[in-house]
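Residue numbers (our numbering), protein chains in the order written: chain S, 385 to 493; chain H, 569 to 681.
Just so you know, not all the hints are guaranteed correct.
Quick list of in silico lysine-lysine cross-link-like pairs, DSBU-like style, CA-CA up to 30 Å [unchecked claim]:
(1) K587/H / K604/H
(2) K620/H / K604/H
(3) K590/H / K609/H
(4) K440/S / K454/S
(5) K454/S / K608/H
(6) K608/H / K587/H
(7) K590/H / K608/H
(8) K609/H / K587/H
(9) K480/S / K435/S
(10) K586/H / K620/H
(11) K620/H / K587/H
(12) K620/H / K480/S
(13) K609/H / K454/S
(14) K454/S / K443/S
(15) K480/S / K608/H
(16) K586/H / K441/S
(17) K440/S / K480/S
(18) K587/H / K480/S
(19) K609/H / K480/S
(20) K440/S / K609/H
(21) K608/H / K586/H
(22) K435/S / K590/H
(23) K480/S / K590/H
(24) K454/S / K604/H
(25) K586/H / K609/H
(26) K604/H / K590/H
Each pair of labels, with its calculated beta carbon distance range [said to hold, decoys possible]:
(27) T681/H / Q442/S: 38 to 46 Å
(28) H459/S / T584/H: 27 to 35 Å
(29) W478/S / H641/H: 23 to 31 Å
(30) P637/H / G400/S: 34 to 42 Å
Covered stretches of chain S (in silico footprint by chain H; criterion: 3 or more residues with CB under 8 Å from a CB of chain H, positions within the stretch not fixed) [claimed, not checked]:
(31) 411 to 417
(32) 439 to 445
(33) 477 to 491
It should be emphasised that the hints constitute simulated quantities derived from the structure, not laboratory data.
This one's a predicted model, so the numbers in the text were calculated from it and none came from an experiment.
Virtual Cβ for every residue (Gly too), placed ideally from N, Cα, C.
Chain by chain, the residues run as shown.
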Amino acid sequence: GQQVMQIPQYQHVQEGEDFTTYCNSSTTLSNIQWYKQRPGGHPVFLIQLVKSGEVKKQKRLTFQFGEAKKNSSLHITATQTTDVGTYFCAWYSWGKLQFGAGTQVVVTP
Amino acid sequence: ETGVTQTPRHLVMGMTNKKSLKCEQHLGHNAMYWYKQSAKKPLELMFVYNFKEQTENNSVPSRFSPECPNSSHLFLHLHTLQPEDSALYLCASSQVGQSYEQYFGPGTRLTVT
Numbered sequence: 385g386q387q388v389m390q391i392p393q394y395q396h397v398q399e400g401e402d403f404t405t406y407c408n409s410s411t412t413l414s415n416i417q418w419y420k421q422r423p424g425g426h427p428v429f430l431i432q433l434v435k436s437g438e439v440k441k442q443k444r445l446t447f448q449f450g451e452a453k454k455n456s457s458l459h460i461t462a463t464q465t466t467d468v469g470t471y472f473c474a475w476y477s478w479g480k481l482q483f484g485a486g487t488q489v490v491v492t493p
Numbered sequence: 569e570t571g572v573t574q575t576p577r578h579l580v581m582g583m584t585n586k587k588s589l590k591c592e593q594h595l596g597h598n599a600m601y602w603y604k605q606s607a608k609k610p611l612e613l614m615f616v617y618n619f620k621e622q623t624e625n626n627s628v629p630s631r632f633s634p635e636c637p638n639s640s641h642l643f644l645h646l647h648t649l650q651p652e653d654s655a656l657y658l659c660a661s662s663q664v665g666q667s668y669e670q671y672f673g674p675g676t677r678l679t680v681t
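Required output: the full structure, derived from the provided sequences and hints.
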């Protein structure tokens, strides 16, 4: 069956540094979405990627969908304390939106 | 953000109680969802309603009973819960289809004693 891994599970980042979180699938994905959940909050939609090799940017966040549509990444540059939270990738499987386990990001000043 | 609202925000209930969670969306969507989020576990989809019709029951125990009277409202009726049911219950809505994002409510933090 399909397996999707989100790595790393935890990410400690110094303020001002860059980091990347990955979502890797064993099978081709039709599209992929990214969500952010702040501590004590709820998931908030960030972006959707549909096309092979697609790259989208939102200020300091860069989202990429692999050429084979089997992996995706979220890269954050110059991390700020406002970036703290858990980032989830999500994909449709059998008509249902499935969520990855998330990458929990902690930012130290 | 007031697109999707949930009440109550916090709920403590005994194992013999009956309570209901309420969700309302003001986004004009026609699909609504219930998710369970436990500590250190991925989001678990519980129920899906498309155009008020239940299209997904993800093997949820019968002590959880959903109700969707119209496309804007969703309820989750709870009875004889177990302590392991303590979690954050999130409601979400979207347009029907596989290319749409979901909008989540703030959740109900449920504690079963």
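Notebook entry, point to check: Is it true that the CA of K608/H sits at most 30 Å from the CA of K586/H?
Noted result: Holds, at roughly 27 Å.
Check: Given the proposed pairing of K454/S with K443/S, does the C-alpha separation stay at or below 30 Å?
Finding: Measuring from Cα to Cα gives roughly 25 Å; hence the hint holds.
Notebook entry, point to check: Going straight from one Cα to the other, do K587/H and K480/S come out at no more than 30 Å?
Noted result: holds (27 Å)
Margin query: Can you confirm whether the C-alpha distance between K620/H and K587/H stays at or below 30 Å?
Written below: holds (21 Å)
Note to self: Checking one constraint from the list: CA of K586/H to CA of K609/H, max 30 Å. Satisfied?
What the structure shows: It holds: about 26 Å lies between the C-alpha atoms, which stays within 30 Å.
Note to self: Run the distance test for K454/S versus K608/H: straight-line Cα separation, threshold 30 Å.
What the structure shows: Roughly 25 Å separates the two Cα atoms, so the pair holds.
Notebook entry, point to check: Within 30 Å, alpha carbon to alpha carbon, are K435/S and K590/H?
Noted result: This hinted pair is violated, its Cα atoms lying about 37 Å apart.
Next item on the list: Assess, step by step, whether the Cα of K609/H is no farther than 30 Å from the Cα of K454/S, and give holds or violated.
Entry: holds (23 Å)
Check: Given the hinted pair K440/S and K609/H, is their alpha-carbon gap at most 30 Å?
Finding: holds (28 Å)
Next item on the list: Would you check the hint for K620/H and K604/H, treating anything up to 30 Å between C-alpha atoms as holding?
Entry: holds (20 Å)
Notebook entry, point to check: Is the Cα-Cα distance between K586/H and K620/H 30 Å or less?
Noted result: Answer holds: K586/H to K620/H is near 23 Å, not above 30 Å.
Check: Are H459/S and T584/H spaced within 27 to 35 Å by their CB atoms?
Finding: With Cβ atoms ~50 Å apart, the hint is violated.
Comparing the model with each numbered hint stated earlier shows that hints 16, 22, 28, 30 and 32 do not hold.
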